Structure formats: C-alpha cells, structure tokens
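**Q** Sequence:
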Amino acid sequence: MAVAELQVEEHPTDMDSHADTCVVGKNALIVHKLDRQVNVTGFDPSQGKVKNLDLVSAALAYDCPTTGEATILMVHQAVHVPTMENNLLCPMQMRMNDIQLNECPKFMEQAPTDTSHTLRIFQDGEEPCIPFGLQGVTSYFPTRKPTTLELSTCQRFDLTAEDPE
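Just so you know, we're using numbering that gives the first Met the number 0 here: the sequence shown kicks off at 0 and counts up by one.
Just so you know, these hints were derived from the structure itself, not from any lab. Computed from a predicted model, the values in this text were never measured in an experiment. Warning: the hint list may mix true and false statements.
Said to hold, decoys possible - Derived pair list, reagent style DMTMM-like, types lysine to aspartate or glutamate, alpha-carbon separation capped at 20 angstroms:
{"id": "1", "residue 1": "Lys105", "residue 2": "Asp19"}
{"id": "2", "residue 1": "Lys32", "residue 2": "Glu126"}
{"id": "3", "residue 1": "Lys144", "residue 2": "Asp53"}
{"id": "4", "residue 1": "Lys144", "residue 2": "Glu102"}
{"id": "5", "residue 1": "Lys50", "residue 2": "Asp34"}
{"id": "6", "residue 1": "Lys48", "residue 2": "Glu8"}
Generate the whole structure from the sequences, applying the supplied hints.
**A** The structure is reproduced here in structure tokens:
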C-alpha cells in the first residue's frame, strides 16, 4: 500500500541507548499482550516508578521515502506506555536479534557510505536499509501505526526477538 493512499501522521521512533528494553507508545499497533507486567523507572529516580505496564509485541509501519511502500517492523518484548507519542528502541535488544545499527551521523563519518547512519535488517534473504534522521543528538526514523490490512499484507521484519523472555 503506497503512502499517498493513506492520510496518517508519522511519529519518531528513537534510538535509546540508555534503555534496557524497547518502549512503544500509542502510535504502535499492539499485536499480542504477553502475560507479564513490569515496573519502570526513568532517568530521574525522583519521578518514581510507573507500575504494571504491559509487555507486548507491537507493529510499526515504516514508509519507504523512495518507493512509498510500507514495511511492518515488529517489536517484541516491548514495554507499552499508551500515553507516549513516540517509540524508543533499545539498540542492545535489536543487536541481540542481529539488526545492524550504524548510529554515527553521516556528517561525522570520515568516509560516509549509503549505509552510514542506518538500521539494516538481514532476514529471509531481504536486506532493507532504513536511514536515520537526527533530532538534536538522537537518531530516529519516522513510523506510524499500521492498519490491520497492512499488518496482514505488507512485508514484515522482526527488530527484536520473541524469545527468550
């Protein structure tokens, strides 16, 4: 399904190297809720804990700026914070699933290439490459909540592993 056919709002999906797991917000499609909840503490301990958040498998839609084609990116074992606009991806959790992250911004590379400042996936003989943008010093790429039709018809890749919990 091409982007031009949809009237949707994209939101940033940020790389968050301080997180120990991925977090998805209200712009992710929850596909499965695990039978497990967690308590989360942010970067400021004085804010206290947020309790009883669900662990989920969620889908994000990424629209290729070149082809307009939507790709579904699955984030498993993610904390669901329904009030968040953006999503936070844990680089360590993705690297454990063989996702290649090149987080150094292109302008800081001595010899930048087409794969500089990108997320690369090597699954099922496919090799999609998603370019990062910068918001301040945070690497991100735009995603949106996919439709159920897109979830069942678009190419799908796992950013994080389903197992082990």
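**Q** Where does the structure disagree with the numbered hints, that is, which hint numbers, in rising order?
**A** Hint check: 1, 2, 4 and 6 fail, others pass.
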